[in-house]
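Colleague: If you read the sequences in order, they're chains F and B.
Just so it is clear: in the first sequence, position 131 is 130 by numbering that gives the first Met the number 0, and no numbers are missing.
Just so it is clear: in the second sequence, position 109 is 108 by numbering that gives the first Met the number 0, and no numbers are missing.
Hints are computed from structural coordinates only; laboratory data are not their basis.
Keep in mind that a hint or two might mislead.
[Unchecked claim] Using C-beta positions, here's what the derived DEER-type ranges look like: (1) Q41/F with P94/B: 10 to 20 Å; (2) S108/F with V122/B: 27 to 37 Å; (3) N254/F with S12/B: 30 to 40 Å; (4) E167/F with P212/B: 21 to 31 Å; (5) T233/B with D228/F: 53 to 63 Å.
For glycine and all other residues, C-beta sits at the position ideal for the given N, C-alpha and C.
Each chain is listed here by its residues.
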Amino acid sequence: MPPPIRRIITEREATVVDPPRQNGQPPASYVPLGAGGPGSIQRPEPSEVEKVERMRSEGVTITYDSKPAVKAVSLRVRQGEVLALIGPSGCGKTTMLRSFNRLVELTPSATRTGVISLDGQDIDTLEVTGLRRRVSMVFQQPNPFPMSVFDNIAYALRQQGSGRPSQEELAPAVTDALERAGLWDEVAEALDHPALRLSGGQQQRLCIARALAAQPEVLLLDEPCSALDPRSTQVIEDLILRLRDEVAIVIVTHNMQQALRIADHVGFMYLGELVEYGPADQVFGAPHEERTREYVGGAFG
Amino acid sequence: MPAPWRPTSPAGSIESWPLADRIGFRLAWAAGVSLCLVAGSIVVYMAVQGLQYLDLGLLFESPQADLDQSKSGGYLDPLVGTVVLTILGTLLAVPLGVATAIWLSEYARPAWLARAVESGVEVVAGTPTIVLAIFGLLVFQRELFSFLSFTAQGDAVFGRSFFIAGTMMSLIALPLVVGATREALQAVPGHVREASYALGKTKAATIRRVLLPAARPGIGTGAALGMGRIAGDTAIVIILLGASLKLDEAGSAPILGDLKGTGSTLTSYVYVNSPAGEGNAPEKAYAAAFVLLLIVIALNYSIDRIAKGRGLPAWTR
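Next up, chain B with everything else stripped away, as it sits in the complex (with noise of 0.2 Å):
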């Protein structure tokens, strides 16, 4: 009997192979067990952090000005806001981003123009989002938008609330929108839109009927990627949100006026309570900054399901 056959490497052991390549295979490993340490080390630091100050009560009572810690609320409206903002974020973003990347996978003529798009789409995807915020404030402030924020005596437009923010929001989740739809779309084969053509189909009816349910998986990462860049972000909240913990509506009407006025996210409250901010509450920090790590992990997570669960469409080739 010959000795039973095994499969062998076909890189062959590492031990044959030169110094420099097996230093390069160390190294190579060593960056990525180090990168999930970091990654394991924040999780698990946060969470004991977290849960040690976490008091479920916290997240359904609002923050109160008060000096004494034990008086001064729960991150109720933190919370609120984050989700508020996200939401208003997202829905901007999502239509644009899908028209966008619709014209520039379909049209895009002329070239030109497709080519200043193309930039124009980057330099957002680029821009820091304080220079986002400072931009935001800078236009908003004008009397043509006064009625998307609050008016203070003497007509100063105050250029802060929800729908500011959530406007400059947006286009943080754009670029992210625009680049996982237009990658979807360039995926379907030229045959299927074809084939489409060949039924005696306009592009239009191609686009709506045959190509954007082909690319829902693209548009769905792409908004789920954006929702966690905006639920992460602080800058556009520190400065376009207003400076309010509390939600604070303008107005009286119901939801307008709060979308209207100001309050706070998950981020600026880590931020204020911090020992850098002005609270001084650090526990209250790691709790919320542990909410604020689950949710964006849960929707990482949620990405990685559009993605892969049900996937884009088999092409055959």
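Bound-form chain F, shown alone (with noise of 0.2 Å):
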């Protein structure tokens, strides 16, 4: 039974007011907050398919002119579990993340040295825009393109030079990115709609099957949650966990709880060095460093 929700007005008596219902019955996505208690925490199941190691970053440095931003840092980003990079501001997660689909070189004053790989491939050898497609980002702010929700989706899906498919051709892989990104329900009906008129939310899983729609390897995902509210966040949270089995996940976040709630590994940086790498229950549970402890410490009380 979730609990009934207050609405407070002064000088009178505070009046009870119920959950929205249909048909008599709570709506099945109310899901009160905190369910569990407060406090605790779930963590994710582990994945059942076999981890694959996609990405990985050996002695990656990047600086903005002669600021180093980035120090040293080796990772291994692998399919079937989600990786949370977690530090405070400026730290550079941020940049670490960018430099995965060489975002980062749109950034005039920063350089880069040391080796990241795709499926064993450097990088930096890949023409630079099959790169993106195949290490696709989610950004901290929704941004969907001023067009309709389904040309949203068309756009990512068209691909330079190949000529124009026509609406009937796109449609297929249009629905499965926004099935996979669980939007399909809500938008169904308003494909043609401007996808600015959706809410934060929506706009953000928007954003989410357009970074899926060219089938990507790896999904990079910057903050993906700030700007939402609770509930939007949990959508994205459980997406994020089906998605892992697919594709590989390296999410950027400063909300420790929400590492917790979905990150199987965790890589802690601080000043630009990855300080602490390994599974999320040891980094959480048993950090190896001070530093570590000190910033996690938070996490659990």
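Put the complex together from the two separate chains, hints included.
Modeller: Here it is in structure tokens:
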């Protein structure tokens, strides 16, 4: 039974309003926040699929002008699990994430040393547009393009110089991407509506659908929930856990509870260094490093 | 029961302000109201004068050279001239202006060239239209451009035609299109561009499929502003459109001939018929001026609609 919603009106006694109902039942999606008691965080069940290493960074150092932002970071990114990069603001985790699809090269002052490979191939040897189709990214702010829901996905599907496939040809792939992102049921009737009219949570799931449309091997998420409310956050976290079997997922997050809820592996970064990298249970439960202990200390308390 | 709570102005009541502030406030108020009165009186006065002489028949009648004003015809040709010139100028200005704005906003390398282009746009924006007109006459009377206007006996290029006036008119609209488009492009957050690159798109694809659709309301605003300026300009018409009140085609090609030929617009018609001009038919000038005013007000209204109605996409921060 969900808890009642209290509406406080001064000068009158508190009125108690029942949660919204359909046919006498609370809607199926209604899960009370904090179910399972305050403070308890459900850790994800490990995925049953085999873990496959997709990306690897070896001694990656990135500097802006001469100021180092990432110092000699070596990481593995595996399919079948979620890797969370945590750490305080300005610790280099977003820069690290942006180097996986070479987006960091768009910053004129950035230089990178070290090797990043995708399925054993140095990403510097790959064509950058091809690389970004295989390693796609979702940003902190939901950023659908100013076009219809359908066109947002279709835009990601159309390849440079491959002619323009018709709407009918693209429709199955668009439907598939929206279904994988758990948005299909909500927008099936509104595919031709402007994407910017969707709610924030829907916009972010549209961005995830867009990133999934070209069937990438790796999905990079840069604080994807920081602009969203708790309910949308929960929907997106469930989505991430469902997707980790099909694509390798790297998520940057400020929110340690979130890392606890979804990560299988955790990398803790501090001042550009990868201080600790290991299974989430170990990093949160028994960190080797003093700095990690201090930082994650608040996560359980 | 306590007294019901009432909202107060955060500035406090005006009576409590220092004298200087009270005077300043009243002056600001008076400035706004008097401007409103000026605008209102323009519209009302022109409406009264214009409607008095406005005869719908005149809208569909060509002007005639006749001393008897009852036989001197209407202003169909100037009306057509205004529309043609506005369309021509806008058609030239929009692609050029959008291209310039894209380069300035998305490329702008090397920096010195970007600065030069920027000042170039500013110089064009600041040049009085009469100077543009004289400059246009100098340029387009050259042999090289003889295909744009009619050629008199002895191969003298006339240098005056719809083509030529439209080309110079486009320079009036150009800075407005550049400015509005650039502003709209810069309003698109960087992470939207990055989202497109992150999907494996090139810069060209990003500009064409993401940035231009986002900038469309801005481009529309710039184009509408430019159209208003073109419709209202007189100097270029008088110097570069030839002095014929009627559309006078050069050559026999159906549309090209008209564009190569000369004509007039509502502005030059008003000028010629006003007491300052040679026609001395002020009642027709008033009526034509009223029609022109309506056109320009309608354009301004459409700008507001474009800018507010559909609006720029609501980017999330």
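Colleague: Checking each numbered hint in turn, tell me which of them this model violates, lowest number first.
Modeller: 1 and 3
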